[in-house]
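Chains as they are written, first to last, in the numbering used here: chain R, 1 to 422; chain L, 1 to 500.
Simulated from the structure, these hints should not be mistaken for laboratory data.
It is possible that part of the hints are untrue.
[What the hints assert, rightly or not] Label-pair distances were calculated between CB atoms; the ranges are:
hint, chain 1, residue 1, chain 2, residue 2, range
1, R, 290, L, 175, 47 to 53 Å
2, R, 77, L, 439, 54 to 60 Å
3, L, 452, R, 39, 41 to 47 Å
The beta-carbon is built from N, C-alpha and C at its ideal position, and this holds for glycine as well.
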Amino acid sequence: MLDYGLFAYASKDEVLEKSSAYWNPGKTQFWIDSGVPLVIDRREGYFLYDVSGRRLIDVHLNGGTYNLGHRNPEVVAALKQAADHFDIGNHHFPSLARTALAEALITTGPEGMSKVIYGSGGGEAIDIALKTARHTTGKRKIVSIVKAYHGHTGLAVGTGDDRFSKLFLADRPEEFAHVPFNDLAAMEAALRGRDVAAVIMETIPATYGFPLPEPGYLEGVKGLCETYDALYIADEVQTGLMRTGELWAITKHGIQPDILVTGKGISGGVYPIAAVLVSERCAGWLTEDGFAHMATFGGAELGCVVALKTLEICNRPETRSIVHHASDLIGRGLERIQRDNPGWFTGIRQNGLVIGLEFDHPEGAKHVMRQLYANGVWAIFSTLDPRVLQYKPGILLDPSLAEELLDRTALAIGRAAEEARS
Amino acid sequence: MSNGMLRRAQWAARAFAGYDRAAVDRIVAAAGEVAARNAARYAEWAVRETGFGVAEHKTLKNVACSTGLLAEYAGHDYVSPRADAATKTVSVPRPAGVVLALTPSTNPVATVYFKILLALMTRNAIVVSPHPMAKECCSDAARTLAEAAVAAGAPDGVIQVVEDPRLPLIEELMADPLVSVIVATGGTPVVRAAHRSGNPALGVGPGNVPVLVDRTADLERAARLIVDSKSFDNSILCTNESVLIVEDAVADRLVSLMRGAHPLSAGETGRLRETLFPGGVFDPRFVGKDAGWIAGQAGIRVPAGTRVLLAPFDLAVPEEPLAHEKLCPVLGVLRVPSAERGIDAARAVLRIAGAGHSAAIHSTDPRTIMEFGAAVPVLRVSVNAGNSLGGSGVHTNLPISMTIGTGYAGGSSAGANLQPGDLINWTRLAYHVDAPFGDFTGLDPWSSPEGPVPRYPEPSNARAVPAATAPATPAAAGPDALRAEIRRLILEELASMARR
Ligand SMILES: Cc1ncc(COP(=O)(O)O)c(C=O)c1O
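Can you make the complete structure from the sequences, with help from the hints?
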């Protein structure tokens with residue numbers, strides 16, 4: 001019996017059945033077929049527990065949503081305390097919590113950021129960024145990279161893979177140009193007409209499997225933006241919040257973006273919120289018509305409190321140091337595992353704790369995912385490049401869990417090789 | 001807050017535990033050197049911030065706990081494994097891990113230096129939680145040493161400091177399972193809390209030092225040493241003498257020889273008692289203040305240059321405030337008919353407080369000295385030495401220490417002066433008695449780090465091939481030359497200070 005008070009199920013099978021019947025049959029079946037029939041029950045720190053009681057180390061973390069661990073005690077305490085005083089708030093009025101978070105984001109953000117606009121999820125925040133770029137430049141066209149992923153809302157979906165837009169008749173090729181990653185010539189060709197409002201870039205494209213920008217690529221893109229009067233939008237939804245060992249990955253490239261988008265992790269994993277940081281140049285519409293983008297839940301005050309706490313934790317020197325230590329250990333550990341699996345484990349794409357593991361098989365990461373799941377680790381394949389496994393350990397990881405994770409990973413990668421080749 | 005620090009320390013400790021001796025020596029030397037260079041600055045800062053003590057004396061302790069400590073342990077090795085063919089065992093040192101160090105207000109920076117250097121010698125990470133009254137100077141000192149240590153190759157986060165040490169946070173830290181050992185110096189409540197925390201703790205209790213002068217003593221020398229020691233750092237240390245016990249036959253002469261000590265009349269003693277202990281409770285305003293000022297507060301006129309007030313009383317019993325620890329340059333004086341009665345009196349003083357800590361004796365009669373040592377329940381006795389620098393090993397051959405174990409008598413698991421060896425365990429590889437022993441010569445499981453630890457998280461496609469690293473500190477001279485240099489420095493500094 002799975003009894004949670006408000007709802008109860010006789011068994012895990014009943015959950016899966018009803019999930020198919022009432023929620024999403026496609027997704028439900030996909031995970032059953034993939035050998036990952038996970039229904040998450042308890043969650044704590046970097047552990048997930050299936051309703052069967054099985055423990056999993058979470059290195060998916062929903063793309064960084066659980067950077068600080070599931071139900072981080074400090075974050076949960078901040079939420080509980082806030083709930084005694086605040087609620088979502090009224091989005092029309094100046095607000096205590098929204099203002100405090102905005103100030104904190106600007107003062108800790110990359111140089112040149114001036115104002116903050118809120119959304120309730122990453123996609124909405126991306127839409128805000130794109131609308132802002134169009135307003136600022138008076139141009140309509142947006143350039144993104146092939147296999148980019150910026151979310152599935154109205155405009156964001158246009159920047160991504162056709163798979164998600166065509167289905168809904170939402171593809172608009174005349175407005176959204178896609179150019180290959182790491183190809184400055186293609187980027188220049190797309191910008192040369194000077195009709196582009198903005199280039200939007202994940203600092204490391206997550207859903208594409210974390211291919212790393214070649215040294216100089218992002219800097220080059222920024223240069224081209226300046227040359228052809230397009231804005232640079234940094235999507236830091238997955239790469240931000242200390243994951244690469246600095247608060248925002250884009251600053252490791254010395255780039256001052258015109259617009260920066262954060263989501264996922266800023267929620268502390270407990271209250272949906274996303275934010276767009278814009279430069280003074282891009283902030284014009286907030287004066288011209290402050291009501292121009294409206295969302296009841298955007299910048300909900302409870303979310304702001306949670307985000308403020310989350311940002312503070314991410315910004316601690318201790319957190320930064322832990323990320324540096326953990327990246328070092330995990331990087332070396334993965335190199336060792338790679339040496340033991342030549343011809344199969346073919347690449348490590350690592351920037352801090354943003355890591356992609358590349359396998360020599362078109363669906364290699366799905367095999368590894370399944371074997372990891374069987375060995376107590378939850379990591380997800382890259383939707384847009386299933387050769388590559390997304391591997392994102394938590395930023396407050398402790399050394400013994402890191403060692404345990406590497407042990408499990410070594411075994412799973414070896415087993416996956418046998419599975420993929422049989 | 002707490003979690004992040006200890007987690008970071010845990011990572012640092014993990015990395016540090018793999019360092020070899022050469023790397024450790026470099027780091028210890030760098031931290032010790034910067035500590036010594038700042039000894040006077042932090043001494044003055046501590047006095048300014050706490051209002052306690054004497055800057056000059058604190059400088060001396062800071063030097064003792066930097067240069068002195070390095071010299072003392074220069075030949076020691078807490079890093080390399082040792083093989084012993086005779087017992088067919090190999091011993092591998094194993095650092096504690098994360099040391100949580102509580103440091104006091106009375107002896108602030110010296111204790112910070114001391115605990116940090118011990119932690120570095122033994123490859124431990126340390127989190128310093130300073131007493132709130134001394135948090136500015138202590139945090140700054142810890143940060144200075146941390147920077148030097150990391151610059152010399154120590155792992156990032158090896159030394160951290162609790163910037164805002166409030167009681168709930170400290171209790172939370174002490175109880176945290178990430179702490180490997182607590183080294184607590186401070187008041188009884190803090191030490192008890194450390195022992196209660198559930199973590200291994202080396203806590204040391206308070207002192208209340210009796211000093212016996214018998215008829216065989218070199219009175220001239222005893223008089224000088226007692227006044228110097230009692231007035232040292234305005235008597236705020238747990239090692240300063242608290243009650244002078246003197247044989248009647250030599251009492252008048254001893255007192256007359258105590259230059260700088262002012263004997264109070266019975267009436268004056270009464271006024272002083274009421275001033276220092278209003279309602280029987282010690283007034284903390286007097287902690288670490290100088291003798292002239294204290295006398296003034298009690299309305300007592302004393303000659304200029306008075307460093308110690310001698311306050312006679314009759315019986316060491318709990319209701320006699322002057323028989324308790326006083327933390328200021330007021331020395332209780334008890335006259336006794338014989339050395340034997342003097343030993344009884346010393347036991348009485350320690351029944352009130354300070355059991356397990358220290359005592360002193362000035363005598364030339366080994367029989368009395370032995371009887372004193374056997375009967376008085378303390379774990380160190382300074383003989384013909386002042387106890388403030390005797391008990392802490394500066395003027396005796398005890399280990400130099402700012403953390404004085406009070407042992408079982410004093411409610412502590414640590415009975416000796418805290419030493420580096422207290423912060424490690426040894427893994428023993430023990431062969432079957434009949435099995436042939438292996439040849440371990442030249443085997444060292446540890447290594448020096450290549451470059452900063454951890455390495456900066458460059459993207460993997462931009463990572464430079466690590467260059468062969470050159471250590472930043474003067475290791476070129478070799479550890480022996482370095483040690484000789486340190487020894488020379490300490491001798492010079494101590495000579496110029498201790499014997500003004
Ligand atoms: C880089 C990036 N941007 C934007 C989004 C969209 O965020 P959300 O799912 O909250 O709409 C995602 C989500 O996966 C993402 O990975």
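Each hint tested on the structure:
no.: 1; hint: 290/R x 175/L: 47 to 53 Å; result: 50 Å, holds
no.: 2; hint: 77/R x 439/L: 54 to 60 Å; result: 57 Å, holds
no.: 3; hint: 452/L x 39/R: 41 to 47 Å; result: 44 Å, holds
In this structure, none of the earlier numbered hints is contradicted; all agree with it.
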